[in-house]
Amino acid sequence: MFRRLPDPGALPVPGVPVSLDGVPVMARAGDSVAAVLLMAGRLACGKAPVSGAPRGPFCLMGACFDCVVTIDGAPKRQGCLVTVAPGMRIETGRKAR
Amino acid sequence: MKGVYDVAVIGAGPAGLAAATVAAQHALATVVLDEQATPGGQIYRALTTCSASRRAIIGDDYARGTAVIDAFRQSGATYVPDATVWATQRRDDGCWEIGVSHGPPAARNVRFVAARAVILATGALERPFPVPGWTLPGVMTAGAAQVLLKSSGIVGKGRIVLAGTGPLLWLLASQYLDAGVEVAALLDTTPHSRRWRALPGAWEFVRSPYFARAVALVRSVRRRVRVVGGVSALAASGPGRIETVQFDAAGGTHALRADLLLLHQGVVPDINLGRAMGCAYRWNDAHACFEPVVDAWGGTTLAGVFVAGDGAGIAGADAAQARGHLAALAVANALGRIDARARDAAAMAPRAELRRALRGRAFLDTLQRPADTYRIPRGDTIVCRCEEVTAQQVIDAVKAGAPGPNQVKAFLRCGMGPCQGRCCGLTVTELVACERKVSPSEVGYFRLRWPVKPITLGEAASIGTSAEAMRAVVRDSPH
Chain G
1 MFRRLPDPGA LPVPGVPVSL DGVPVMARAG DSVAAVLLMA GRLACGKAPV SGAPRGPFCL
61 MGACFDCVVT IDGAPKRQGC LVTVAPGMRI ETGRKAR
Chain Z
1 MKGVYDVAVI GAGPAGLAAA TVAAQHALAT VVLDEQATPG GQIYRALTTC SASRRAIIGD
61 DYARGTAVID AFRQSGATYV PDATVWATQR RDDGCWEIGV SHGPPAARNV RFVAARAVIL
121 ATGALERPFP VPGWTLPGVM TAGAAQVLLK SSGIVGKGRI VLAGTGPLLW LLASQYLDAG
181 VEVAALLDTT PHSRRWRALP GAWEFVRSPY FARAVALVRS VRRRVRVVGG VSALAASGPG
241 RIETVQFDAA GGTHALRADL LLLHQGVVPD INLGRAMGCA YRWNDAHACF EPVVDAWGGT
301 TLAGVFVAGD GAGIAGADAA QARGHLAALA VANALGRIDA RARDAAAMAP RAELRRALRG
361 RAFLDTLQRP ADTYRIPRGD TIVCRCEEVT AQQVIDAVKA GAPGPNQVKA FLRCGMGPCQ
421 GRCCGLTVTE LVACERKVSP SEVGYFRLRW PVKPITLGEA ASIGTSAEAM RAVVRDSPH
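As you go down the protein sequences, you meet chains G and Z in turn. Residue numbering for the first sequence follows the numbering used here, beginning at 1 and increasing consecutively. Residue numbering for the second sequence follows the numbering used here, beginning at 1 and increasing consecutively.
Be a bit skeptical, because a hint or two may be false.
[Claimed, not checked] These stretches of chain G come out as covered by chain Z in the derived footprint (C-beta under 8 Å, 3 or more residues):
1) 5–12
2) 75–84
[To be verified] Here are the computed distance ranges between Cβ atoms for each label pair:
3) G:Arg89 <-> Z:Arg413: 28 to 34 Å
4) G:Pro17 <-> Z:Gly336: 51 to 57 Å
5) G:Ser51 <-> Z:Asp344: 55 to 61 Å
6) Z:Gln407 <-> G:Val50: 18 to 24 Å
7) Z:Gly464 <-> G:Pro17: 34 to 40 Å
8) Z:Gly251 <-> G:Pro17: 52 to 58 Å
9) Z:Asp93 <-> G:Ala85: 36 to 42 Å
10) G:Val50 <-> Z:Gly158: 27 to 33 Å
11) Z:Arg257 <-> G:Ser51: 21 to 27 Å
12) Z:Ala352 <-> G:Gly87: 48 to 54 Å
13) Z:Gly336 <-> G:Ala29: 41 to 47 Å
14) G:Ala85 <-> Z:Gly158: 28 to 34 Å
15) G:Ala29 <-> Z:Arg197: 43 to 49 Å
FYI, nobody ran anything at the bench for these hints, they're computed from the structure. The beta carbon of each residue, even a glycine, is placed where N, CA and C say it ideally should be.
Extracted from the complex, chain G is given alone in its bound form (with noise of 0.2 Å):
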């Protein structure tokens, strides 16, 4: 599990509100996706294609494309690569190919 280090003295960065499988969800600007998905508890985000086993976010760095999710209707994005903007609808459950 995940949680974020308190910043004191630091300008409050601001909320950006975006949905998670429907449910709002307060991310912080410059977060991404999978830090999205890791903050609100989501180890797993997907299904491995084969054995169907659950997946989640590993690498952050756009290798390992683990962390891919639906993002604004559109399919398969690396969740890492994908910073959070107001709005956002993050769709986690990929299907099998």
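Go by the hints and put chain Z onto chain G.
Just chain Z, lined up with the frame of chain G:
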């Protein structure tokens, strides 16, 4: 973005930023294509938006990146963030045409950027760490943990176990501890035998800039965390997500409860783009990875294509910056901005910096070359994460006659998933080499093709088509 640039730099870590800065200073029209949202690469990731308290936790080496980012911002080079390069092709006029996927998630489209020269500064990836259970949710890389810390100030919670080898693992432990994050254990997989092998390079290491920092780092972590040395047979297990880390150490088998396992065993050059372009690569046995064949300027076997930074061989951020500088000077010379004498004179400072940055690395590289068992797995350990291909399946394919990675790919789809071998390529090469009892050099690597990053059909359809191109493929309809 405009018609034709003098140089396109791909990647915005220290190598790419330094290359772009120097290129722009030599009046070259320069564009930087960056997959990230802000300049800095992974090492200086989110530095420009990071708060002071977070910078203090991440450390001085991170904050030092401000200089290279500021210089880049003042250089006049064009910066394109969120830009995924998926193809490059040499046009008839000799320019390189670069396919870039760009735009918000639901409206991405493809654009082409043309440039007379290309500097690949795509950096490094974490070396695959194929152990049983490494695909479980809650098992991530140490690099991933650093990305979360740098970009969002997010850290792990619960029982956190770090495992592997290499400076980044110790650095992350130290950063977590400084941030008040409890680390249950650091499992050091560095084999004891490596210490003796590394010994010949020890004197250079002691004289290097790395020595004092490394000693202080390891000491400060050891004081605060349970460190278990000589760890073998590392494995993660749990239904649905990680619950337990098992390992052998000191003659016994141990198990730790864990909510988060962070793995790391060094970094290796990211070679996908250069390989797909057709640059020659060779096996570096000391580092157990492939590196591009480059000259003293980073020039590859393709005219007008350079590799700078860790993508040309792992040497760290300072060396990356120096090599970016050198590649840009070579491009400035090749495009007639400076003569060879001016190029060589300007290269003296970055060459000296490069020598300084490389001193002592042989010791670290030898010490931290991961054990064979962690690079060449056995049994039902997953090798290819995307297609869930196991080590035994790869071995069986070799026994059935597959001589190299491309045949293994054809047999098993191994390396054919969206990551395109980034997480399994080295493992497959070494597995095949081990099984065939030949060198990885002989076995080679996956043949990489465009697109090196997946694009959607919608993106492909957004590519404009000329009337000439249409005539080339459209047949007259039959009567």
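_CB-CB spacing for Gly158 of chain Z and Ala85 of chain G relative to the 28 to 34 Å hint_ = For Gly158 of chain Z against Ala85 of chain G, whose Cβ atoms are near 30 Å apart, the range 28 to 34 Å holds.
*Range hint 51 to 57 Å (beta carbons of Pro17 of chain G and Gly336 of chain Z) holds or violated*: holds (53 Å)
*In this structure, is the beta-carbon distance linking Asp93 of chain Z and Ala85 of chain G contained in 36 to 42 Å?*
holds (39 Å)
*Using the Cβ atoms, figure out if Gln407 of chain Z sits within 18 to 24 Å of Val50 of chain G.*
holds (20 Å)
_Gly158 of chain Z and Val50 of chain G - C-beta distance against the hinted 27 to 33 Å_ = Once the Cβ atoms are compared, 29 Å apart, the range 27 to 33 Å for Gly158 of chain Z and Val50 of chain G holds.
*Measuring from beta carbon to beta carbon, are Arg257 of chain Z and Ser51 of chain G in 21 to 27 Å?*
Cβ of Arg257 of chain Z to Cβ of Ser51 of chain G: about 25 Å, so the range 21 to 27 Å holds.
*In terms of beta carbon proximity below 8 Å, does the stretch 75–84 of chain G have 3 or more residues touching chain Z?*
holds (count 6)
*Do the Cβ positions of Ser51 of chain G and Asp344 of chain Z conform to the proposed distance bound of 55 to 61 Å?*
Taking Cβ atoms as reference, Ser51 of chain G and Asp344 of chain Z lie about 57 Å apart, which means the hint holds.
*Does the Cβ-Cβ separation between Gly251 of chain Z and Pro17 of chain G fall within 52 to 58 Å?*
holds (55 Å)
*Could you see if the CB distance from Ala29 of chain G to Arg197 of chain Z stays within 43 to 49 Å?*
holds (48 Å)
*asked:* For the hint 34 to 40 Å, verify it against the beta carbon of Gly464 of chain Z and that of Pro17 of chain G.
replied: holds (36 Å)
*Return holds or violated for the Cβ distance of Ala352 of chain Z and Gly87 of chain G against the range 48 to 54 Å.*
Once the Cβ atoms are compared, 52 Å apart, the range 48 to 54 Å for Gly87 of chain G and Ala352 of chain Z holds.
Comparing the model with each numbered hint stated earlier shows that all of them hold.
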